[in-house]
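Peer 1: Taken in sequence, the protein lines are chains A and B.
Each residue of the first sequence is one higher than the one before, counting from 3 in my numbering.
Each residue of the second sequence is one higher than the one before, counting from -1 in my numbering.
Simulated from the structure, these hints should not be mistaken for laboratory data.
Do not rely on the hints blindly, as some may be mistaken.
[Unchecked claim] Chain B side only, calculated, beta carbon under 8 Å to chain A, not exhaustive:
id, residue
1, D191
2, A217
3, D218
4, S228
5, C247
6, P259
Where is the CB? At the ideal position from N, CA and C, for every residue including glycine.
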Amino acid sequence: MGVAAVESTDVRARGLSPLWVLGAVAFLLVSLVIGVLVGPIELGIGSVLESAAARLHIPGATTSLTPTEEAILWEIRVPRVVLAALVGGMLALAGATYQGVFRNPLADPYLLGIAAGAGLGATLAIAYLPEGLRGQRALPAAAFVGGALAVFMTYAVGRSARRERDAATLVLAGVTVAAFFTAWQTFVQQQNAETLQQVYTWILGNIPSTGWSDVILVLPYVAAAAVVILALRRVVDVLSLGDDEAASLGVDVRRVRLALVIAATLGTAAVVAVSGLIGFVGIIVPHAIRLLTGVGYRALLPLSVILGAGFLVLADVIARTALSPAELPLGVVTAFLGAPFFAIVLRSTRVGP
Amino acid sequence: MPRLIALLAPALVAACVVGLSGAAAAPVQTEAAFPVTITTPAGKVTVRRKPQRIVSLSPTATESLFAIGAGPQVVAVDDRSDYPKTAPRSSLSGFTPNVEAIAAYRPDLVVIAYDPKGLSSALRRLGITVVHHDGARTLKGAYQQIRQLGLVTGNAAPAARVVTGMKSRIDRIVKAARPTASRLSVYHELTPDLYSATSNTFVGQVYRALGLRNVADAADSAGSGYPQLSAEYVVASNPDLIVLADTACCGQSPATVAQRPGWDHVSAVRTGSIVRVDDSIASRWGPRLVNFFRALSSALGRLGS
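Just chain A, with the same shape it has in the complex (with noise of 0.2 Å):
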């Protein structure tokens, strides 16, 4: 797919240095370790410690945790921190590669109308799915439906325009569909009142306490969409230049934005679909490695995975202390930390993106 054509060519912009990486990784380690050793429960950090020797085997160690500590942490809180890196990553993955391929800064995963649709999906369940059928499971199915089949419409809007290879034509066609499913969302909201606390705290977004289950559910989605994105990173570069420059390095531009359209969506569909909107972490994150460090696309994917995953493990541990013990939406957190962050970054850098 012109990989080698583009990697000769004088595409120039900053690869990955590996003092970054090694920055990047230390960060998530750090987020990971506090985020299994600090939660509502004070389970102690030696305690858990041991806990955590004596499941690896390591011998001679036995964990001096109750069965219900024991529970607390290993099908609580350790898949909680699990799913807040899955969803983190692959938020700011998702972000990362819109910008790219759309060209426009302010792309977030949910540009596409993934968030409208899939918050169509989610009211749909609550409001008319029989009881039996009504519970975790099938909310999630129904929102990834919804998302998926919006960026379909938004897609195939788009192409009806006969201007496929202007990828601004896309993002009207996005603000469309988004509007339209938007609209449908709130009218059966509103005819079906009483799901409105259900609805609401849905589209808050949350990191759910599911257990094992979720993560389940959204690992494949997400270790596919990265293969795929990753494995594409240097052609975001290109196609960052603009529709015909790409072409003309021979880079197959609808495919390979289709490609990568599809990985970016059905990764973002799945954990929309299991932790609703979370806001802020797929702009922030790309534009905070972009300013620090300058990178291009082929270092700013990777990078976005790594540190999305942090920023949403430490997020979400400041959501479930805060106010322990009582939970406070992830949304909020996010926006709360982010904003000022980037204002920072802002101000403290002088690199354009």
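We have chain A; now place chain B onto it with these hints.
Peer 2: Quick look at chain B alone, frame taken from chain A:
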């Protein structure tokens, strides 16, 4: 002192603030006690003639109106008033009310629980009397609302009887259940993402009356009364009793609760002390409150034995 006045001048009592006269004094009033004035949290309301065309936009008020014998005076109830079945359910909404649609029923009294966007003032401008009974905060407040509905609809005596009946049944249940309940803790679940209700809410007052310790109380730093608890906390606080008020909305059941990660260690799950309450009973503060108490007491009875 208020009781003395009530005995001397029944008409005067009917016209004065209801809250002052106890339930025992109420049966003295005659049905012809109009005009009548009551004081609700939303303000004073005077009803001049016995209403014949009542519209209820509050499911709780609908239940109370039918329980106190005002049913024949009710011409329409809102779309969520699903009890009793004989209530004239309409497409009127209590959440997104349309003044014209309400006025089309030519009501002389409208009872609401929620007053969005100047609903009550718009109705008053049309010459319609409005009683705004917000969600009760205490058992006392719930009784008071039923008595006030009795007064404004000309059914004061049956309303007082309904309240006395509720009180005596609830008192009996509380007395029997308290010795067991006062040693136990409860977790009240509003949604599957663990929104709960503290002792500062109406449903929390029910648990408090029984002497149960509410695990949500520790979590409400914001004072909303409805905090969202973290799963770790609920499992660690190990409630003896779980009350599910999200069975109809969200398909929760003792089985789904037992499947949640880590919850198999919770005492209520191990002993099977999970009460499912009809969402509408647990979220209303009308005469069916007794049913809620009864459901709780039978679960507590099983725990005690």
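Peer 1: Looking back at the hints listed earlier, which ones does the structure fail to meet?
Peer 2: As far as the earlier hints go, not one is violated by this structure.
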